[in-house]
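Residues per chain are reported as follows:
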Amino acid sequence: MMKTLRLPVFAAAALLATVALGACGSNDSADTSADTSGEATGTITVYSGRSEELVKPILDQFSDETGIEIELRAGDSGELAALLLTEGDASPADLFFSQDAGALGAVEDAGLFADLPEATLSLVDPAYRSANGTWVGTSGRARVMIYNPELVTELPESIDGLLDPSWSGKIGYAPTNASWQSFVTALRVLRGEEGARTWLEGFAANKPVAYEKNAAVRDAVNAGEVAAGLINHYYLYEKIAAEGADAVVAKNHYFTNQDPGSLVNVAGVGILAGSDNSAAAQALVDYLLSKTGQSFFSETTFEYPLIEGVAPTDGLKTLEEIDPPTIDLSDLKSIEATQELLADVGLLTK
Amino acid sequence: MLIARRHVRVPWPLAVPAVAAAVIALIPLVYLVVEAFSRGAANVWDEIFQARTWDLVRNSFLLTAVVTAASVVLGTGGAWVTTRFALPGKTLILVLLTLPLAIPSYLSAFAWISWQPQLAGFWGAAIVLTFACFPYVLLPVAAALRGLDPAQEEVARSLGKTPQQIASELVLRQVRPSITAGALLVALYVLSDFGAVAAMRYETFTWVIYGAYRAGFNPSRAAILSMVLVSAAAVLVILESRARGRAGASRLGSGVARVDRRTTRVGAKIAALGGVAAVLGVGLGVPVASVISWMGRDTQRDVQWSEVMTAVGDSFIVGLLTAIATVLIALPVGIAAARYASRFSSVVERTTYVSHALPGIVIAISVVFVGIRLLRPWYQELPLLVLGQVVIFLPLAVAAIRNSIEQSSPRMEEVAHSLGAGTMATILRVTIPLALPGIGAAAAMTLLNAMKELPTTLLLRPTGWETLATSIWKYSTVSDYAAVGPYALALMLLAALPTAVLSGLTLLRSQPRPHHSPVTTEAPLS
Numbered sequence: 001m002m003k004t005l006r007l008p009v010f011a012a013a014a015l016l017a018t019v020a021l022g023a024c025g026s027n028d029s030a031d032t033s034a035d036t037s038g039e040a041t042g043t044i045t046v047y048s049g050r051s052e053e054l055v056k057p058i059l060d061q062f063s064d065e066t067g068i069e070i071e072l073r074a075g076d077s078g079e080l081a082a083l084l085l086t087e088g089d090a091s092p093a094d095l096f097f098s099q100d101a102g103a104l105g106a107v108e109d110a111g112l113f114a115d116l117p118e119a120t121l122s123l124v125d126p127a128y129r130s131a132n133g134t135w136v137g138t139s140g141r142a143r144v145m146i147y148n149p150e151l152v153t154e155l156p157e158s159i160d161g162l163l164d165p166s167w168s169g170k171i172g173y174a175p176t177n178a179s180w181q182s183f184v185t186a187l188r189v190l191r192g193e194e195g196a197r198t199w200l201e202g203f204a205a206n207k208p209v210a211y212e213k214n215a216a217v218r219d220a221v222n223a224g225e226v227a228a229g230l231i232n233h234y235y236l237y238e239k240i241a242a243e244g245a246d247a248v249v250a251k252n253h254y255f256t257n258q259d260p261g262s263l264v265n266v267a268g269v270g271i272l273a274g275s276d277n278s279a280a281a282q283a284l285v286d287y288l289l290s291k292t293g294q295s296f297f298s299e300t301t302f303e304y305p306l307i308e309g310v311a312p313t314d315g316l317k318t319l320e321e322i323d324p325p326t327i328d329l330s331d332l333k334s335i336e337a338t339q340e341l342l343a344d345v346g347l348l349t350k
Numbered sequence: 001m002l003i004a005r006r007h008v009r010v011p012w013p014l015a016v017p018a019v020a021a022a023v024i025a026l027i028p029l030v031y032l033v034v035e036a037f038s039r040g041a042a043n044v045w046d047e048i049f050q051a052r053t054w055d056l057v058r059n060s061f062l063l064t065a066v067v068t069a070a071s072v073v074l075g076t077g078g079a080w081v082t083t084r085f086a087l088p089g090k091t092l093i094l095v096l097l098t099l100p101l102a103i104p105s106y107l108s109a110f111a112w113i114s115w116q117p118q119l120a121g122f123w124g125a126a127i128v129l130t131f132a133c134f135p136y137v138l139l140p141v142a143a144a145l146r147g148l149d150p151a152q153e154e155v156a157r158s159l160g161k162t163p164q165q166i167a168s169e170l171v172l173r174q175v176r177p178s179i180t181a182g183a184l185l186v187a188l189y190v191l192s193d194f195g196a197v198a199a200m201r202y203e204t205f206t207w208v209i210y211g212a213y214r215a216g217f218n219p220s221r222a223a224i225l226s227m228v229l230v231s232a233a234a235v236l237v238i239l240e241s242r243a244r245g246r247a248g249a250s251r252l253g254s255g256v257a258r259v260d261r262r263t264t265r266v267g268a269k270i271a272a273l274g275g276v277a278a279v280l281g282v283g284l285g286v287p288v289a290s291v292i293s294w295m296g297r298d299t300q301r302d303v304q305w306s307e308v309m310t311a312v313g314d315s316f317i318v319g320l321l322t323a324i325a326t327v328l329i330a331l332p333v334g335i336a337a338a339r340y341a342s343r344f345s346s347v348v349e350r351t352t353y354v355s356h357a358l359p360g361i362v363i364a365i366s367v368v369f370v371g372i373r374l375l376r377p378w379y380q381e382l383p384l385l386v387l388g389q390v391v392i393f394l395p396l397a398v399a400a401i402r403n404s405i406e407q408s409s410p411r412m413e414e415v416a417h418s419l420g421a422g423t424m425a426t427i428l429r430v431t432i433p434l435a436l437p438g439i440g441a442a443a444a445m446t447l448l449n450a451m452k453e454l455p456t457t458l459l460l461r462p463t464g465w466e467t468l469a470t471s472i473w474k475y476s477t478v479s480d481y482a483a484v485g486p487y488a489l490a491l492m493l494l495a496a497l498p499t500a501v502l503s504g505l506t507l508l509r510s511q512p513r514p515h516h517s518p519v520t521t522e523a524p525l526s
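If you read the protein sequences in the order shown, they are chains G and X. Position 90 of the first sequence, counting from 1, maps to 90 under my numbering, and the rest follow consecutively. Position 146 of the second sequence, counting from 1, maps to 146 under my numbering, and the rest follow consecutively.
In isolation and in its complexed conformation, chain G is listed as follows (with noise of 0.2 Å):
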């Protein structure tokens, strides 16, 4: 038997041993596609963790002014982020546009973005962007409290006033959604470990209502099930667009004073230090930064622009107005922690 199986054996372990070595070098390819001299043209690779719904307009508007074409892969922020992280210089992304800006982090702190010219940077407040400069907040949403007039009389003015036993069973939210966890984290940030447990225990002694998306929790606090929600700001305007005004009775509550629960976290764009073709990339980032990109999401995803000079959709409180919780939303990627102190409180698992 011996015999027979001393050469399968040694292909396998050949085959074993290529893979690995392998694995230790790696080869770069180049596309054909770069022109770094005057006007970016070409194909650019874009790994968004946005959904594909939602980007596509734009980036097909931008296809069409400048000729450059786009390869869109859309997932998750997260695992395009352990994507990248795993392609490492190899990959064949030149721009991640990122849902949020933990994903950002994890990326810039890889060390697989290339820094972005100043001239793009100081478009964007210092709080919607990278303290390195490799990564751009494009969009910012809010943090609010959705709440049915019929149902709610009295706006608490902190998420602190969720607490109150008056609010108990009242409250929606929905605990695997990402957004709903970065608030977590910040509150981990502002209030430190043991302030955040506080609040979370209070709050889950409150007997929150549970639902899958955030579009479940709008819903149900539109339809009186429950008298209010916490979610993001844009929720709302999107349930008017589908319905219209009239179908429609919830309000956004925004808790102001840099509470916690009014924070702002933004969808961005970093470019890839691997890229052969970032003067296409960085065309695209100030595509999205231009006065056209910012109204595009100010008006299709009622997100809030960034820049000066265009305004929020109308009805919108201005962020000035939410006066949001100072924080470095790099500090935002550890929502691992944040994780497994929400299954610890009993508010994540089942």
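Simulated from the structure, these hints should not be mistaken for laboratory data. C-beta: ideal position from N, C-alpha, C; glycine also. Check before you lean on any hint, since a few could be wrong.
[Stated by the list, open to error] Listed next, the in silico DSS-like pairs over lysine-lysine satisfying Cα-Cα at most 27 Å (straight line):
no., chain 1, residue 1, chain 2, residue 2
1, G, LYS291, G, LYS317
2, G, LYS239, G, LYS317
3, G, LYS291, G, LYS350
4, G, LYS239, G, LYS291
5, G, LYS56, X, LYS474
6, G, LYS239, X, LYS474
7, G, LYS350, G, LYS213
8, G, LYS56, G, LYS207
9, G, LYS213, X, LYS161
[Stated by the list, open to error] To list a few chain G residues with every Cβ distance to chain X over 10 Å, as calculated:
no., residue
10, SER51
11, GLN61
12, GLU87
13, SER91
14, VAL152
15, GLY161
16, THR176
17, ARG191
18, ASN214
19, ALA216
20, GLN258
21, SER295
22, THR313
23, THR318
24, ASP323
25, LEU348
Keeping the supplied structure of chain G fixed, place chain X upon it in accordance with the hints.
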């Protein structure tokens, strides 16, 4: 009896591709080891020996044990009813009972949770996974039961055995290898599942792995934790090989049984049909009704049927390529395991199972890791997507092929040998034709699973490639369930076709055929 003996030499042309198959199945392991130790060995122990790790291991173990046990009961019960009860439309009932396989567990979990939110947690996850998995037990057990020779039971009865004794001592004993083989696939699936437990918010081990990628941005932590899953899978595979016993090495040939004609009392029939109806209601009714109800919801989009059809085409192409590749790669492993039982063929066969316990994202990232370094021209192209799917579904195909060959008599090959046919000629002209129903079943099983697959497809697909599963994902991320509806319905219908073929082939390959040779009285080795 050369063929059933241990320590048989696996012929060259079978051994080499079989080893290659095992190497493909080990791709994730190579990645896991390299990535896990990228931050030093000390880090590995730190990550593993955390209190939370063991809580999650316990949760996963509990869920795996309950779902596997429930699947064995439901699967064996369903197989019993559809093969041994004199029911009208037994074939149709078996096909219907297999159909829950066509529904992705992430979809049925979401259907349940949006209908009955209070189900969230352990029992919700257990229900969804049991109904998604029990056909893995149902099919091989139904095939084995059909292949049994009723003469044996008549002999036992004439010797004064009670029906209960016959069922437990004779019948169940003979189908035990089919039960354990199915149970192993169920257990590995439960270990690997993320979609259902995420929707049900029951925290299992896959949570921390996904969390390490999505929330921790820490692939090396994910790799370390994945190795715990691989170890659990290895233990299960070894346990199953013990439990399978040696009965699998030799069976009665399918040509000796005669048609079973038995009667069933009316009360038992009604109870059986009631049970079948309940199973179908839970496994099929709820998810299908849920998906159809979504289609009535408000949406900002009109259904683009042309896009749905494109997604149907893309899903089918990926599924078909995966099915072809998986069957070709699994075939030598299945033949070696069934006809050349030896330590070598057993190790090779078992190796193909281990990666089945890994969640899709780990398979995807490992194929990325290897692909971007060694197979760059194929990166983000169809071949790498197919490779990732092959790694996941290889054990399903191996099991189907092995089962089907084991149920055919090795006498045929012996006759071919005695007539002077060489080893390869015998394999090509006797074994493979005998295995055709099993090959068909393997292809159908792979096809339907590849079409349902989401996490690997999402990361490995060619840019712009949109399958039904990725479309469902795309619209559900923006909570547009009205838009999800047509894709979900199309996926269930498309996957139902190979599922129906699968159950049909299962019946075909175990069809008792009248035979001219005298009835053998040989008992199975056990």
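Taking the numbered hints from earlier one at a time, note which ones the structure violates and give those numbers from smallest to largest.
Hints 3, 8, 9, 10, 12, 13, 16, 18, 19 and 25 are the ones this structure does not satisfy, whereas the remaining hints hold.
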